Amino acid sequence: MTSLVEALRLAAWQEMERDPRVWVLGEDVARGGLFGQYRGFLDRFGPDRVVSTPISESVIMGAGLGAALVGTRPIIEMRIFDFVMCAMDELVNQIAKIRYMFGGQARPSLVVRMPHGNWRNSAAQHSQVLEAWFTHLPGVVVVAPSTPADAAGLLVAAIRSDDPVLFFDPKNLFGLEGEVPSVIEPIAFGTAARRRSGTSLTIVSWSALMPAVEEAAASLEARGITAEVLDLRSLWPWDEAAVLASAKRTGRLLVAHEAVQAGGFGAEIVARVAEAVPRIRVARCGMPRVPLPFSPPLEEAIKVTPAKIIAAAERLLAQ
Amino acid sequence: MTSLVEALRLAAWQEMERDPRVWVLGEDVARGGLFGQYRGFLDRFGPDRVVSTPISESVIMGAGLGAALVGTRPIIEMRIFDFVMCAMDELVNQIAKIRYMFGGQARPSLVVRMPHGNWRNSAAQHSQVLEAWFTHLPGVVVVAPSTPADAAGLLVAAIRSDDPVLFFDPKNLFGLEGEVPSVIEPIAFGTAARRRSGTSLTIVSWSALMPAVEEAAASLEARGITAEVLDLRSLWPWDEAAVLASAKRTGRLLVAHEAVQAGGFGAEIVARVAEAVPRIRVARCGMPRVPLPFSPPLEEAIKVTPAKIIAAAERLLAQ
Amino acid sequence: MPQTNAAHLRALHRSMCRIRAFEETALAAHKAGEIPGPLHVSIGQEGVAAGVCLNLRRDDRITSNHRGHGHALAKGAGVAGMMEELFGRAGGHCGGKGGSMHIADFSVGMLGANGVVAGGIPIAVGAAQGLKLLGQDSIAVCFFGDGAINRGPFLEGLNWAALYRLPVLFVCEDNQVAAFTRAQDVTAGPGVAARSESLGVPATTVDGNDVLAVDAATARLVAEVRGGAGPRLLQAMTYRHTGHTSTDPAAWRAADEVAAAKAGEPIARFEARLVAEGIATAAELAAVRAEAEAEMAQARQNALAAPWPDLATAYSDVLGS
Amino acid sequence: MPQTNAAHLRALHRSMCRIRAFEETALAAHKAGEIPGPLHVSIGQEGVAAGVCLNLRRDDRITSNHRGHGHALAKGAGVAGMMEELFGRAGGHCGGKGGSMHIADFSVGMLGANGVVAGGIPIAVGAAQGLKLLGQDSIAVCFFGDGAINRGPFLEGLNWAALYRLPVLFVCEDNQVAAFTRAQDVTAGPGVAARSESLGVPATTVDGNDVLAVDAATARLVAEVRGGAGPRLLQAMTYRHTGHTSTDPAAWRAADEVAAAKAGEPIARFEARLVAEGIATAAELAAVRAEAEAEMAQARQNALAAPWPDLATAYSDVLGS
Ligand SMILES: Cc1ncc(C[n+]2csc(CCOP(=O)(O)OP(=O)(O)O)c2C)c(N)n1
Ligand SMILES: Cc1ncc(C[n+]2csc(CCOP(=O)(O)OP(=O)(O)O)c2C)c(N)n1
Ligand SMILES: [Mg+2]
Ligand SMILES: [Mg+2]
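Residue numbers (my numbering), protein chains in the order written: chain A, 167 to 485; chain B, 167 to 485; chain C, 0 to 320; chain D, 0 to 320.
It is worth saying that the hints were derived from the structure and are not from the lab.
Fair warning: this is a prediction, and the values are worked out from it, not measured in the lab.
Hints are supplied without guarantee of correctness; some may be wrong.
Listed next, the in silico BS3-like pairs over lysine-lysine satisfying Cα-Cα at most 30 Å (straight line) [what the hints assert, rightly or not]:
#, chain 1, residue 1, chain 2, residue 2
1, B, K414, A, K474
2, C, K30, A, K469
3, D, K30, D, K261
4, A, K414, B, K474
Just a few of them, taken from the derived set where beta-carbon distance is under 10 Å, the chain B residues facing chain C [said to hold, decoys possible]:
#, residue
5, D185
6, W189
7, S222
8, S224
9, G228
10, G230
11, C252
12, A253
13, G269
14, G270
15, R326
16, D329
17, V443
Cβ coordinates follow ideal geometry from the N, Cα and C atoms, glycine included.
Given the sequences, and given the hints that come with them, work out the whole structure.
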């Protein structure tokens with residue numbers, strides 16, 4: 167068994183062994199990274215390929231882009247997602263648009279790693295889930311794994327991809343254990359994983375909320391309600407076909423995510439399905455539109471929990 | 167008749183006359199602003215209240231916040247929305263969260279003005295429509311007017327509001343003429359305006375796309391299809407009651423917006439209505455998920471146009 | 000030292016002791032699992048917070064960073080409210096919604112710690128601009144670390160403050176480390192003072208572990224800033240005794256480096272001087288330390304027993320009244 | 000001047016004339032409604048683009064800003080592809096998807112203009128880091144204006160380049176104005192050279208309207224940068240003859256200020272010298288100007304007649320192959 171963060175370490179290690187053009191830059195990466203996801207990289211790959219940087223997010227992001235434009239394949243480590251807000255011009259106006267603006271002359275082949283989500287009561291500036299923003303941003307791939315094997319396989323795919331890939335590390339699941347193959351094969355973007363089969367309803371989720379969703383599905387099943395549970399794994403491209411097929415089968419779709427419900431990616435999924443499947447019943451379960459509070463009981467009160475997912479499922483089934 | 171940009175100038179002028187705590191900061195505002203929206207302000211209000219700044223977006227945004235925390239009421243002029251990407255930490259991590267993080271000790275009463283949208287073939291870095299992002303961000307009000315009178319009334323409301331208000335100036339409509347009262351009264355956020363009554367379907371839109379929507383509705387009406395057209399005017403809060411009521415009446419909802427369709431605010435509206443109104447028929451009309459190209463025929467090809475809105479309405483009615 | 004300011008000297012000592020005791024108490028409480036979330040303490044850096052803040056008026060404003068307990072305490076923030084905030088309780092200054100990284104007490108002009116490095120710089124600059132616009136003579140003081148001088152807002156903020164001659168004092172608390180990286184390994188050029196001067200902000204460098212040096216420099220700089228001379232920057236050299244967070248052993252630092260630094264720590268150093276110059280006896284000073292420790296132990300006990308926030312507050316303070 | 004580099008001198012002259020002719024042609028085409036979107040021309044600043052780029056190799060890279068036509072031309076970008084790009088035609092370097100603000104020609108190392116002030120700085124720094132990682136000896140040159148030195152990425156980028164001793168030459172094209180605001184009104188401290196030095200990047204200031212001064216300084220700096228000495232900054236003082244955009248009259252500038260600047264414009268000044276030193280005759284130089292004007296007129300005609308992009312291309316170059 168391997169932890170999710172170790173699986174990510176092994177995946178990046180494998181790719182840096184495989185391709186000398188791959189390198190990593192970010193704060194403290196030469197010391198192994200904030201979560202140990204680069205432990206041992208400095209000794210193995212040296213300071214030119216494992217670059218501990220100043221606290222200069224604009225250039226961490228923008229230098230990764232520039233280095234990609236001359237043929238290297240950087241892994242841009244942003245430490246914690248919230249700090250990406252300090253590098254949005256480089257990400258949104260430059261990385262996402264450069265290939266298109268230049269008519270295909272340039273292809274920024276890079277990965278931006280952004281450990282995100284609720285985590286150990288770290289409050290409003292260290293817990294944001296804004297993955298939905300980037301599904302609305304042309305020019306980027308959005309990946310959000312939930313298991314060690316998926317995290318490893320999707321990171322390998324991200325590093326090998328010629329497109330800019332935004333990789334949302336689920337930091338709250340870094341300790342999650344699972345099997346990881348000794349040779350990590352890439353996992354195709356846009357392929358959902360079915361975690362459970364069922365007929366009563368379809369539940370779609372991803373990233374750090376998956377354990378809560380599976381827990382909810384299990385207790386629903388104990389009461390004879392079987393949910394088909396889909397883990398999207400990547401949000402752009404997303405596996406619309408799998409979601410539509412399942413929703414048609416069950417007739418009911420619940421999308422649950424860690425992010426704020428209003429304007430979250432659940433809205434896009436529900437909208438697509440509602441457009442395509444007449445008479446489908448749809449529901450969402452996300453956070454209220456408030457920043458994440460520090461105090462544990464307050465955080466617990468607004469976080470999406472198995473109980474809230476179960477309640478949403480029951481409301482949906484009652485319709 | 168008054169142009170929309172002049173209406174905005176009059177609204178800001180009225181409020182600066184009314185309240186000495188109101189001031190404006192941004193690039194070239196002392197020269198009247200990029201669009202003349204502050205013409206004459208320097209002579210009337212002086213250089214301490216009309217502050218032309220360096221090209222320092224982080225501090226334009228962050229200084230506005232700091233000044234609000236000591237009791238002034240800044241209008242933060244960002245020149246063109248896309249440059250807000252250079253000030254996202256200050257907006258997303260600071261302005262939107264400070265009141266909550268500090269348990270209500272602080273209330274950043276400020277307005278961030280962001281002329282946005284497609285405009286004169288200014289290409290991918292000067293045309294973005296990312297309003298949807300901020301409906302997903304707790305702690306901010308999102309305003310997007312489409313007429314001179316609404317722009318003026320909503321700007322007055324924004325300046326008087328104790329909450330941080332993100333004001334999306336529709337730069338492509340700055341030349342649009344309309345009546346504006348000599349004394350500009352505030353318009354309440356969250357109240358949609360009905361632009362047309364109809365029974366065949368409901369069309370919801372806002373901001374710079376409204377003229378195209380009204381044109382589409384007119385030609386549909388010429389063929390006996392009457393659309394109820396709602397202009398949301400503000401996206402957060404948004405007039406859910408009006409949209410639900412209209413959608414229930416007509417049984418069909420089309421949301422059209424200038425932004426990319428995937429993950430746009432249309433998804434939230436469609437999702438809410440689909441959750442609340444069983445068997446409702448829904449559709450969206452937005453841009454494909456591509457950056458805005460420079461070449462006029464290419465821009466025209468991907469922009470939302472009256473023809474595309476009409477086609478979407480016909481598909482919806484055919485269901 | 001003239002006896003006339005003996006009271007001030009004792010106040011500096013007491014302030015440092017209270018910060019030290021607060022931080023050690025918080026560390027112990029965090030290790031005991033009483034405090035959730037990340038915790039950054041300022042043990043060893045007390046001379047900067049005390050030396051700067053005791054030269055400020057209550058209506059002066061400060062912005063701080065992630066390591067902000069000392070700044071808040073020295074500026075006069077209530078201890079009970081601070082400790083309860085760290086514990087996430089209802090009585091915290093932020094009602095438990097902020098925690099250690101978002102300590103704020105607007106009633107004493109403490110405009111907030113910040114979870115984003117350099118995040119407090121634009122805010123302090125704007126506060127100074129607002130105060131000037133309102134015609135008030137209070138000033139803004141902006142605390143940040145050596146790590147913040149590599150972020151863009153440092154340049155934008157200093158240029159801006161100099162341009163508009165704003166009443167702001169920038170204080171770079173230079174402990175020569177940022178998280179797990181030495182400042183020297185990520186900072187090119189001669190450093191923060193030279194950067195500051197190049198942006199039109201006169202800079203002064205002092206030994207931050209000599210509270211009297213910090214006190215004297217701050218007194219002069221605050222007078223200049225309040226007098227309308229424009230912004231100033233103070234670089235205070237100091238050392239972070241602990242790891243970056245309460246859970247970081249900082250094992251990568253050489254033991255003798257840490258030992259040497261602890262030998263020069265600001266409180267003992269100042270006490271030796273106070274005794275030598277007859278301002279206070281060792282016994283008096285020990286009593287101050289004991290009193291501070293008792294105060295913080297009491298605050299910890301209260302916080303532990305204090306009620307959690309009403310769950311309804313999770314939804315308040317977002318928009319509207 | 001030694002005859003030996005007469006060819007180089009003529010190349011400098013020809014490059015400046017071609018930039019001037021391109022800009023005047025583009026201005027006329029924009030006024031005639033043939034070019035959509037915003038247009039920023041560099042008339043009066045030709046000495047900087049030519050003096051810098053003629054010291055570069057084809058495999059050196061440059062990043063530019065919104066006023067980038069001259070940089071692209073001097074680096075060797077094809078004129079037909081540039082003019083067609085401004086016209087939004089299929090044959091443009093970017094297939095019409097970028098336009099004036101996003102001119103790029105990767106085939107000659109021109110990594111792109113930029114619609115965001117200072118947007119090219121992090122990219123150039125990263126390009127230099129990538130080139131170093133790949134063990135290549137080409138360098139990166141980063142063009143930006145005086146307005147960019149007040150944005151955070153300037154500090155972050157220069158500190159970074161100095162830290163890793165990257166092969167990058169920063170060129171601040173200092174026309175002393177940003178849009179409608181004078182640099183002196185928004186820039187505190189002694190200016191870009193002092194900021195650069197404070198960040199560990201040695202700086203040189205030259206008269207950017209003296210193409211020989213730019214040429215000589217660049218030759219030296221490029222040799223240092225390519226030799227592994229680390230980054231350098233060149234501040235080239237110049238003047239923007241036109242308004243900020245093609246539609247801006249810049250009426251706020253005193254007429255005599257503009258007249259004085261035009262009197263010292265780089266091309267006539269260089270021609271006088273070439274004639275005085277017997278490098279070329281006035282007739283030869285006039286012929287070069289005429290040839291450049293004819294070349295650009297031809298490019299305009301071609302662009303006007305050139306096909307629009309296939310509408311399918313609006314959807315390509317986003318993701319996937
Ligand atoms: C923009 C940003 N980048 C990274 C971090 C993560 N981080 C928190 S504190 C810190 C080190 C800061 O060092 P310094 O400013 O010197 O303060 P010190 O911890 O030494 O007191 C880092 C990198 C952050 N909070 N914000
Ligand atoms: C981040 C950002 N802020 C504002 C603008 C709007 N803008 C475009 S060019 C310009 C002036 C730039 O001046 P400078 O860098 O000196 O270049 P110059 O135009 O003088 O050649 C401004 C403010 C922008 N493009 N990007
Ligand atoms: Mg430090
Ligand atoms: Mg300029």
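Against the structure, the hints come out as follows:
Distance hint between K414 of chain B and K474 of chain A is fulfilled; the C-alpha atoms sit about 28 Å from each other, no more than 30 Å. A threshold of 30 Å between alpha carbons decides the hint, and for K30 of chain C with K469 of chain A the separation of about 25 Å falls inside it, so the pair holds. Among the hinted pairs, K30 of chain D with K261 of chain D is consistent with the structure: their alpha-carbon atoms are about 22 Å apart, no more than 30 Å. Taking the CA atoms of K414 of chain A and K474 of chain B, the gap is near 28 Å; set against the 30 Å cutoff, the hint holds.
At its closest, the beta carbon of D185 of chain B sits 12 Å from a beta carbon of chain C; the interface hint therefore is violated under the 10 Å criterion. For W189 of chain B, the shortest C-beta to C-beta distance to chain C is roughly 6 Å, which falls under 10 Å, so the interface hint holds. At a threshold of 10 Å, the smallest CB-CB gap from S222 of chain B to chain C is about 4 Å, leaving the interface hint in force. Using the Cβ-Cβ criterion of 10 Å, the hint placing S224 of chain B at the interface with chain C is satisfied: the shortest such distance is roughly 5 Å.
With a least beta-carbon distance of about 2 Å to chain C, the hint placing G228 of chain B at the interface is held under the 10 Å criterion. A distance limit of 10 Å between C-beta atoms decides the matter here; for G230 of chain B the minimum to chain C is near 6 Å, and the interface restraint holds. Given hint, C252 of chain B at the interface with chain C, holds; its Cβ is 9 Å from that chain's nearest Cβ, closer than 10 Å. Interface hint at A253 of chain B: satisfied, since its Cβ lies 9 Å from the closest Cβ of chain C, which is below the 10 Å cut-off.
A cut of 10 Å between beta carbons decides the hint on G269 of chain B: the least distance to chain C is about 4 Å, and the hint holds. Evaluation of the G270 of chain B hint against chain C yields a held restraint, the C-beta minimum of about 4 Å falling below 10 Å. Checking R326 of chain B against chain C: minimum C-beta separation of about 14 Å lies over 10 Å; hint violated. The interface hint given for D329 of chain B is met, as the beta carbon of that residue sits about 5 Å from the closest beta carbon of chain C, less than 10 Å.
For V443 of chain B, the shortest C-beta to C-beta distance to chain C is roughly 26 Å, which exceeds 10 Å, and the interface hint is violated.
Taken one by one, the earlier hints fail for this structure at numbers 5, 15, 17, listed in ascending order.
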